[in-house]
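According to my numbering, the residues represented by the sequence shown are 3 to 1001, in order.
Any given hint could turn out to be false.
Derived DEER-like restraints, expressed as beta-carbon distance ranges [claimed, not checked]:
# : residue 1 : residue 2 : range
1 : F665      : D1000     : 28 to 36 angstroms
2 : K93       : Y286      : 26 to 34 angstroms
3 : V892      : V799      : 25 to 33 angstroms
4 : M644      : V892      : 34 to 42 angstroms
5 : G866      : L608      : 22 to 30 angstroms
6 : N116      : D174      : 24 to 32 angstroms
Note that these hints are calculated values from the structure, not bench results. All C-beta atoms in this analysis are idealised placements derived from N, C-alpha and C, irrespective of residue type, glycine included.
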Amino acid sequence: MEAIHHSQAFNFTSAVTGQVDPRPGIFGVNIPIAHIIGNDHMGPELPLTLSYSPLDNNDATYGLGFSDNLTRYNIESRILTLSTGQSYHVKEEKSECTFSHAEPKNFKLLKKNNALWVVYNTGISEKLTDYDTADNIKVVREIYSPAGNKLILDWENFGGFPRLISVSDQRDILLSVSYSSAGESISFDIWPYSDENYSITLVQKGIFLSTVTINTQQQLLTWSLAYSKYGRSSLRHKFLTQITTPTGLVERVEYKRNGHRLPQNHQLDNGAHSPVIIFDRLPYLPYVRSHIIEPSFGVLKQITSYEYSDKNFLGYGGQINELTLYGQDYLYNVENNYQYDSIAIQHNWTENESYLTIRTYNSFHLMIEQKQQTKADNGNILCEKVNQIKYYADVTKSFAEQVPQYQMPKEHTVTWRADGDYRVEKSLSEYDEYCNIILQQDFDETKTLFTYYDVNGEAGTCPAEPNGFKRFLKEQTIYPAKSDFQTPIRKTQYKYDSYPIRNSDSLLADKMVLLSAEYYFSDNAPIRREEIQYYKDATSTNHGRLLEKNVWVNENGNETASFKEQYQWSTLNNNSQIRCITKLTGLKDNLSVSKEQCWTSRAYRLIMEKDTQNNITQYSYNKLGQIISNTLNFDTQYENRMEYSWSFGESGIPISVMMTDTFGNAYKINMDGQGRLVEKYYFTQQVPHGFKIEARQYNLFGKLSSTTHYDLLNPGEASENICQTTVSLKYDHWKENVSQEYNNETLVNDIYDPVKNLSWQQIVSLVDNRDVSSIIKKEYNTRGQLIRLVQLKTDTVTKYTVWQFFYDGLGRIRKTIDESDNITLFEYDEFDRVTKQILADGTTIKKGYKDGLPIQISLTAKEGTEKILGTQQFDSLGRLTSSQIGGRNVTLYYQGASPAPHQVTNADGSVINYQYIPALNNAIAEIRFGEITRKLEYEAVSGRLNKISENTGMSHTFIYNAAGQLNQEQITLPNQVQRTNYYRYSLANQLTSYTGADN
């Protein structure tokens, strides 16, 4: 929808429900309706969302201020609004339309014959209403994926405005929309012909959206919206100021009535839709001055207040030098170096300090600086983090003179300041005229270069881009940061192939381009090659799915076939499920294993997994997508089911979930309105009515402030003995956790100083003589890697030990110096595996690899000869098949896909045979060694070990209570009486008593 005040500031709004946009200072809300992915999840994708802005003056469909995210073009005003929320003023309508703003590079608006198309550089295409129809607003009618799969959107005309009535893929209706006769309610029926069907109903009061209700047939969840009037007497001057969720969470804002001043002496196009009329009505634009979140359930509310500079996103106080056309951003024509600011403030009343976030924007609405400050009540800045960003945009030039990549960052500087000291990190980036990144220099000066294929492609490696965008990555090269060690340059090259597409007769393009190969190099030597194949049947929805992937590895200059992955896709149960069978084959010995997965075809929720040993796990969900059960080893004697029960806003609890196992033991988690754990209860036979085992509290900023764990030492007995452990968390000026204080008078300090880039840890006893531990001090490099570890005595000066760590330009550790000044050196191969370790005495340890696995280790003493300590061999599934250590050979044999050996032959020729239970994570069921047979028995559902017995007469029995805690051990040795050990545990599974057989 077109807004009262056109500004590119809104092109930066992120899709977050209930947030204040710090640029214009308005409360924006996003309501997700449905995430639709059609054609057996092969696309295209439509995340249908309603967004609110008080500056949107259109109330034709969803209520004043609300609009959907569907592309539309108003041929009268020439405003194109994309699904991303970005809006553009079309300068000239022709075969490829031009824009009054800088020419976008991520999409094109094309006019072919009578059709209007929006084509994105992702390969997505949108076909709008035919140009010669009577509709002034052209809406998206068809959406195509790069493979040519499509969604069809049907509309109807209502009062001169189009409104959506359905969305379909090439098989079914995925969304239907119905409107009440009086227009006071709208119902969205999502996946109407699926078991996953649910509906969302919008109800309006007058011209305002009042409630949003999700109906899953099992439950109704309602969000309520409230408005406040700002401005003059017009009803349309009401702003959305409060949202109440079904969990009881209340989010509200307060606006300042006389907020942003509107531009003075502006030059505006006085056409039929001139915003001058709006300006005359509204000399001020209200802005948010406070944002309050009330999570409910006794949790502290979070308050953020806002302040703004006199200059603002509309251009007040700036000289506008050019005529501003309807639909253009006023600020883009303001004089050079125009900047405006916003400040978000949170007060910490307990520590007498405030947290400020100060954002500064330029005339292109790009954030050029963000300061995060902590201030004392006297105004002193206690600490500060400053992010400064430089862009390609040149504020000394007019908007028309900007380069296409003007919004892309060139330089990012981060500065930490505190106590008169500071630290600076800087990164650089470069982009081409298509807004593709071509260079990235990280804080540690690691450089990554990117090159791209030309739009016309290259013979043999990349076809032409179907829609004329430069976007296919050709090569990526990583130049390591400077270091004292020789470090290889890493390079990856990419190859692409073209494929036919579905519905090619209806599209502008007739092919799609997919990645077909990747080549990896280390110092220009090839180390890995991957080739990819896809389904090529354009009559099938599987067209374009991954079919096969082959991988070759080059080790020590020899290329060997490593493995192959094959994918078999199909649909089940009248197309309601999507199945994929993945087969992995090791190419050196042709061993293969397969696994299977199934998803629902609409929401794409995983409902079944079958592992390589045919163990099946099933999942089920409610209509909201929350899991309600998962079943291990389905339909076998080992079936183990966990059930989940969800509730919202019941009995004063915002959100609650009960997790119940097969034996009836259960955990119940109660959460606040933001979904954070507040209470946790445990239910078992010993405490059938539940016992609180955990409670959490949060501070004014939503961070955890304390956790209390409760335990029942004698569960099931009449006299309860309850103990509790509480840990309180404290935060520093940076709002980072620095200490944990326990109710046993123990304090654990763990402090990180971002200015010095170091941390230190210490444990302090707060009782009696205040015993303290030594201090562990750690220093880090710009990668965050440990470079120096110092253990200090309690005087904080005297050193116990010092360790130093040195890295190469790829972040690999190359040298260590321990507390005795012993130096150890490390060398690596092209796959970043340690190949050589040189110890302080000159001893060298070497490691050899093959097929990605370690096969040999040797040791060479200083000036001595190399001695092989051990060798190993593996099959292509990565399972150890033989080893030789100290001249002793061991051979291992496997059955099927089992990861554990069924037979082991030792160096002396003795053989050990194993049997396993795959359903219990390959628990050992039997061991046979010579004449001795040992059997292990398990509780089938839980997998708990019940008994160990041997044919020698030995037995070892384990007896548990209903909660799964060990009560008794009964041990019988040959020709001896049975011995029994007794155990007792607290509810939290802490051992409270043990009685041995000899007691």
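| message | I want to verify a distance hint. Is the separation of the beta carbons of V892 and V799 within 25 to 33 angstroms? | response | At 53 angstroms between Cβs, range violated.
| Do the beta carbons of N116 and D174 sit within 24 to 32 angstroms of each other? | holds, 29 angstroms
| request: Take a look at whether the Cβ-Cβ distance between G866 and L608 falls inside 22 to 30 angstroms. | output: violated, 56 angstroms
| query | Taking 26 to 34 angstroms as the hint, is the beta-carbon distance of K93 and Y286 inside that range? | reply | holds, 32 angstroms
| M644 paired with V892, Cβ distance criterion 34 to 42 angstroms | Given a distance of about 39 angstroms, which is inside 34 to 42 angstroms, the answer is holds.
| query | If you check the beta carbons of F665 and D1000, does the distance land in 28 to 36 angstroms? | reply | holds, 33 angstroms
Checked against the numbered hints given earlier, this structure breaks hints 3, 5; the rest are met.
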